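Number of protein chains: 2
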Amino acid sequence: MDKKMIYGRVAALRERMAKEGIDAVVMTSTDDHASEYVHDHYKVTEFFSGCTSDNVTLVIYPETAHLWTDGRYFISAAGELEGTGIELMKMGEKGVPTAHEHLKMNFPARGVLAMDRTCITHKDACGLTCGLEAVVMDIDPAEGIWTDRPARPKSRPFILDETVTGEGAESKLSRIRQKMKAAGARFHFVSDLAEIAWTLNIRGDDVFCSPLVLSFLLIGNESCSLFMAEEAVTEELAAYLKGIGVEIHPYDEAFSFLKENTAGYPVLIDGACTADAYFAAVEENGRAVDEESPIELMKAAKNPIEIEHIKDFYLRDSAALCKFLFWLDKNVGEIEIDEISAAEKLDSLRAEVPGFLELSFPTISAYGANAAMAHYAPQPGACASLSKRGFYLVDSGGQYMGATTDVTRTAVCGELTEEEKKAFTLVAAGHFNLMYAKFRKGSTGKVLDAFARGPLWAEGVDYNHGTGHGIGYILNVHEGPQSVRWHSAPYTDGVEFLPGMIVSDEPGLYVEGKYGIRTESILLARDDFENEYGKFMAFDCLTFAPVDRRALDLRYLSDRDVARIDAYHAEVFEKVAPFLNEEEKQWLYEMTRPLS
Amino acid sequence: MDKKMIYGRVAALRERMAKEGIDAVVMTSTDDHASEYVHDHYKVTEFFSGCTSDNVTLVIYPETAHLWTDGRYFISAAGELEGTGIELMKMGEKGVPTAHEHLKMNFPARGVLAMDRTCITHKDACGLTCGLEAVVMDIDPAEGIWTDRPARPKSRPFILDETVTGEGAESKLSRIRQKMKAAGARFHFVSDLAEIAWTLNIRGDDVFCSPLVLSFLLIGNESCSLFMAEEAVTEELAAYLKGIGVEIHPYDEAFSFLKENTAGYPVLIDGACTADAYFAAVEENGRAVDEESPIELMKAAKNPIEIEHIKDFYLRDSAALCKFLFWLDKNVGEIEIDEISAAEKLDSLRAEVPGFLELSFPTISAYGANAAMAHYAPQPGACASLSKRGFYLVDSGGQYMGATTDVTRTAVCGELTEEEKKAFTLVAAGHFNLMYAKFRKGSTGKVLDAFARGPLWAEGVDYNHGTGHGIGYILNVHEGPQSVRWHSAPYTDGVEFLPGMIVSDEPGLYVEGKYGIRTESILLARDDFENEYGKFMAFDCLTFAPVDRRALDLRYLSDRDVARIDAYHAEVFEKVAPFLNEEEKQWLYEMTRPLS
Chain A
58 MDKKMIYGRV AALRERMAKE GIDAVVMTST DDHASEYVHD HYKVTEFFSG CTSDNVTLVI
118 YPETAHLWTD GRYFISAAGE LEGTGIELMK MGEKGVPTAH EHLKMNFPAR GVLAMDRTCI
178 THKDACGLTC GLEAVVMDID PAEGIWTDRP ARPKSRPFIL DETVTGEGAE SKLSRIRQKM
238 KAAGARFHFV SDLAEIAWTL NIRGDDVFCS PLVLSFLLIG NESCSLFMAE EAVTEELAAY
298 LKGIGVEIHP YDEAFSFLKE NTAGYPVLID GACTADAYFA AVEENGRAVD EESPIELMKA
358 AKNPIEIEHI KDFYLRDSAA LCKFLFWLDK NVGEIEIDEI SAAEKLDSLR AEVPGFLELS
418 FPTISAYGAN AAMAHYAPQP GACASLSKRG FYLVDSGGQY MGATTDVTRT AVCGELTEEE
478 KKAFTLVAAG HFNLMYAKFR KGSTGKVLDA FARGPLWAEG VDYNHGTGHG IGYILNVHEG
538 PQSVRWHSAP YTDGVEFLPG MIVSDEPGLY VEGKYGIRTE SILLARDDFE NEYGKFMAFD
598 CLTFAPVDRR ALDLRYLSDR DVARIDAYHA EVFEKVAPFL NEEEKQWLYE MTRPLS
Chain B
58 MDKKMIYGRV AALRERMAKE GIDAVVMTST DDHASEYVHD HYKVTEFFSG CTSDNVTLVI
118 YPETAHLWTD GRYFISAAGE LEGTGIELMK MGEKGVPTAH EHLKMNFPAR GVLAMDRTCI
178 THKDACGLTC GLEAVVMDID PAEGIWTDRP ARPKSRPFIL DETVTGEGAE SKLSRIRQKM
238 KAAGARFHFV SDLAEIAWTL NIRGDDVFCS PLVLSFLLIG NESCSLFMAE EAVTEELAAY
298 LKGIGVEIHP YDEAFSFLKE NTAGYPVLID GACTADAYFA AVEENGRAVD EESPIELMKA
358 AKNPIEIEHI KDFYLRDSAA LCKFLFWLDK NVGEIEIDEI SAAEKLDSLR AEVPGFLELS
418 FPTISAYGAN AAMAHYAPQP GACASLSKRG FYLVDSGGQY MGATTDVTRT AVCGELTEEE
478 KKAFTLVAAG HFNLMYAKFR KGSTGKVLDA FARGPLWAEG VDYNHGTGHG IGYILNVHEG
538 PQSVRWHSAP YTDGVEFLPG MIVSDEPGLY VEGKYGIRTE SILLARDDFE NEYGKFMAFD
598 CLTFAPVDRR ALDLRYLSDR DVARIDAYHA EVFEKVAPFL NEEEKQWLYE MTRPLS
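Chains as they are written, first to last, in this note's numbering: chain A, 58 to 653; chain B, 58 to 653.
These aren't lab readings, by the way, just hints derived from the structure by calculation. Check before you lean on any hint, since a few could be wrong.
Note: identical chains are not told apart, hence a pair may lie in one copy or across any two.
[What the hints assert, rightly or not] With a straight-line Cα cutoff of 30 angstroms, these simulated DSSO-like cross-link-like pairs (lysine-lysine) come out:
| # | residue 1 | residue 2 |
| --- | --- | --- |
| 1 | 592 | 478 |
| 2 | 180 | 211 |
| 3 | 498 | 571 |
| 4 | 498 | 479 |
| 5 | 151 | 238 |
| 6 | 147 | 495 |
| 7 | 100 | 147 |
| 8 | 478 | 495 |
| 9 | 368 | 632 |
None of these values were measured; they are calculated from a predicted model.
Please build the complete structure, drawing on both the sequences and the hints.
Okay, structure coming up:
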């Protein structure tokens, strides 16, 4: 990205600000659907800043500009913003004001604050403007400036059979209507793309790496209206939707339809993940019942059919990763491998798995110090070559016709320092401590976090990201509401683990300029047993790939840790070997030998 | 307690119910101040049921009666209620409705529900009556029935010097007024006895085992009114209170004074721990700002002077416990010792510590299977004699002129089964795992709970009580707001550990009919270090008494566990030995030898 182009774009926006009397423009990196990953059409913050992070708030004043992002992106954002004149604001760091605090300090009283109210959630809009004496102006900041802006996507959706979903859309709609009734709502307005896809058992290709259909859904007591690009509706889809009682309307009519048809009624609408403009449309004539969508929890607990497919695809996905790790181990230092070619190798192995649709996110392929950036993405022409020393971290996943996968392994390329080995071992100890945890039914992710962090905290180190997130089913690779984290997060703190929920287990350790380590497997929560003390739950691991034993320093592991690693590795060999050729099998045998 | 007397009392109440058209009477085991431990005057639920638990809700219908209490008291309450015709309702057990749910199912529509609104908190009153079509009648159920009811207490308060409290009352009042201002309140009505005693630096003897003064406090922007028994006011106290700007009023005038003097103003009042009647008094003419009292958090984080005294008294208190454990070890099986005489021995050793005021709670002295009742209190004539096998559990503490202590040890009396050793070892592992935990600043008790429970959960066992509670300073032995627990608890979930907070670390394991084990030490939270990962905190242990090494089975301990126990025991010997005679010292030396 040419830094001069950024200057020009910001300058053009400031020209408009001056003309229209705007004192500040606020932009967030989301779309009309509060998506974490968005189609290129919506990358307005990237257009104006060059910053590719997916959790950005950008505030442009007449003289200065400031961009907030979180700890995952501090290093990459610093590089991207260098020379643009936009100041990086590190979220959550000591002494760094939030965007709201910054506005309170710098925004003139009774000034004009411009934002695109369709691209900011109601909750964020309220939070940003709370206590500001601001006149809010609804504008599209890119209008007239982003001349080659990509059009909104309109891929053709496909329908998932009940043998894949385990539950028909009519059954799902009926369960949702029961929850609407309990919440005292006549309608439920759904803007979250994954919730819509899950409810209707349809998938599309409108968002990079997420098989989603750009749409809104308005569920009524007896009606159901889907708003999507009409050009994308096939005959098959039209017939299917008609069959399940869903009417199709053009995407652009959602706003006016919502305003007119819900007037006078209570509408269940989640202010935390609905765009401010749509929330306002409901509030204008109806009554917003501002609660979490019941769909989120429904889709988080996978049903038995989904679990069956998930187990099957996770194993095949694990086998592809093992083949890659074998290839890497044989070839590193022997042939030219850089971060991009390594990622391409893994991506191609994954693409060979029958049922593969696309990647679930761009492969994070990071060698040596680059891996200290938790969400590093190698750039062509500026990526590192692998050699026989240190670690190589690869975080990757696929979309399959029966699973969304996510896995991270940190592979040994050659010689390691004592410090690197210790760091790797602590991460492994935390990873297996959570994987093998037993816990009381009713526990939340906050209760479980210390299992993963305990071994790191004991040595005075930590990782500045959550330990675990939920994962969709042929949907987003990050989904809620469950999570494993020690930090308080109002929307997820109270979420108890339910059988069928899947969650990542991904402790790490990052030392800027030196190395980055992360070990991530995906766990399936299940009921374990009940006795006089209560009900206990446990996890089944869905991911089967070796945790590089050559980097494990037994001095930092207890006997129990060692027994757990050995048990896991025995299972890895047993399950994955049938998918490998003789040479790969021999390698896996070595990599999964008992430590003890 | 004669069960027939209970019958008679309940019958008398039912006669009144019939006469006055009352469909149900609700009583809770608290006083006008939402106290956990109450003066005998307020033991109305005990009077009507014989149940001595301190967390009771009793509902009396014309035909049936039901008593709710929590897991600590299931076993003792079952015994106490047997033959009384009152049904035990186990709080939190599967299929057991709450008192509110029970009323919703059994209370007649538009019926009359009687309760003493001064002896139930506003929050509990709302919770109980929510959704019931009930006419609430404010009565004292004991009136006319409890003829020999003890009078309200009126002990003479004493004043604590700033060398003991570390902060004068005027400074405390000024800090409270700042918080009132931030909350937009003109007055703060305080009914919690510990908060009043802390604020004014006075103590009394109105509640068994808690040096409190029965009183209310109304803090205004510029005024401050204390309501207490006038007969108890000494000249010295009157002069002291005048000096700090506090007016004295009779205890009984609090209600009318509150109603008249706060009319039209916003009053900070905590509905969760203020009696419903007083809350209503504020709401009648003023506006209730229903928030947690700011005093709770202020008194929870001990100041440096308090910490100095606490460290000193905890050490002396530990030495008294060590002397007792030595005496027990020498004499068990040799002379006649029963649960009561053992408690008397410990109580007398504690009383010898200079600065001792009284016990902080009745000593829990439980041998063998009796210890499975987590809050067992031995009864004269019905208590167990100790012999040379199994465990003896003692949970005890004192009030000193510079600390409130609390400690539990489970001592080996003789032969143990493998199961008993394993259980003891798991409890010890959890206990030391929390004691030596390092954790990120900002962690709550929910994040830390898995440190203590992890080793037990891993073996499929647990204890049905919290891991840790705060402790007052010459105040209640239980205080908030911090706690260590995995269960969600709305008022404490978000409370982060602050330097200076003290908290108990008391995992246990109880097998009904067999044994009960608990190991409890008190921990002081402090800042530890800050590095590139963030700020870390740690605990200092305040309690120094051996954890009986004869019951530790090394097979269930990691090398790290063993190293921690050895380090702790080395410190116990070093600190406590100077307080012991030669024979005791020799014994302690043996008890604190390294395991490895």
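Status of each hint after checking the structure:
Within a single copy, residue 592 and residue 478 get their C-alpha atoms only as close as 38 angstroms, which misses the 30 angstroms cut-off; across copies the closest is 24 angstroms, which meets it. For the homomeric pair residue 180 and residue 211, the shortest alpha-carbon distance inside one copy (28 angstroms) is at most 30 angstroms, but the shortest distance between copies (53 angstroms) is not. Only between protomers do residue 498 and residue 571 lie at most 30 angstroms apart by alpha-carbon distance; the minimum there is 26 angstroms, versus 40 angstroms within a single protomer. Taking the closest pair of Cα atoms, residue 498 and residue 479 come within 30 angstroms of each other only across two copies (24 angstroms); inside a single copy the shortest separation is 33 angstroms, beyond that limit.
Taking CA atoms no more than 30 angstroms apart as the test, residue 151 paired with residue 238 passes between copies only; the shortest distance there is 26 angstroms, against 45 angstroms inside one copy. With identical chains, the CA atoms of residue 147 and residue 495 are at most 30 angstroms apart between copies only, with a shortest distance of 25 angstroms across copies and 36 angstroms within one. When the C-alpha separation of residue 100 and residue 147 is checked against a cutoff of 30 angstroms, the pair qualifies only within one copy, where the shortest distance is 20 angstroms, while the shortest distance between copies is 56 angstroms. For a Cα distance limit of 30 angstroms, the shortest separation of residue 478 from residue 495 qualifies both inside one copy, at 28 angstroms, and across copies, at 21 angstroms.
Taking the closest pair of Cα atoms, residue 368 and residue 632 come within 30 angstroms of each other only inside a single copy of the chain (11 angstroms); across copies the shortest separation is 56 angstroms, beyond that limit.
In terms of the numbered hints stated before, the structure departs from none.
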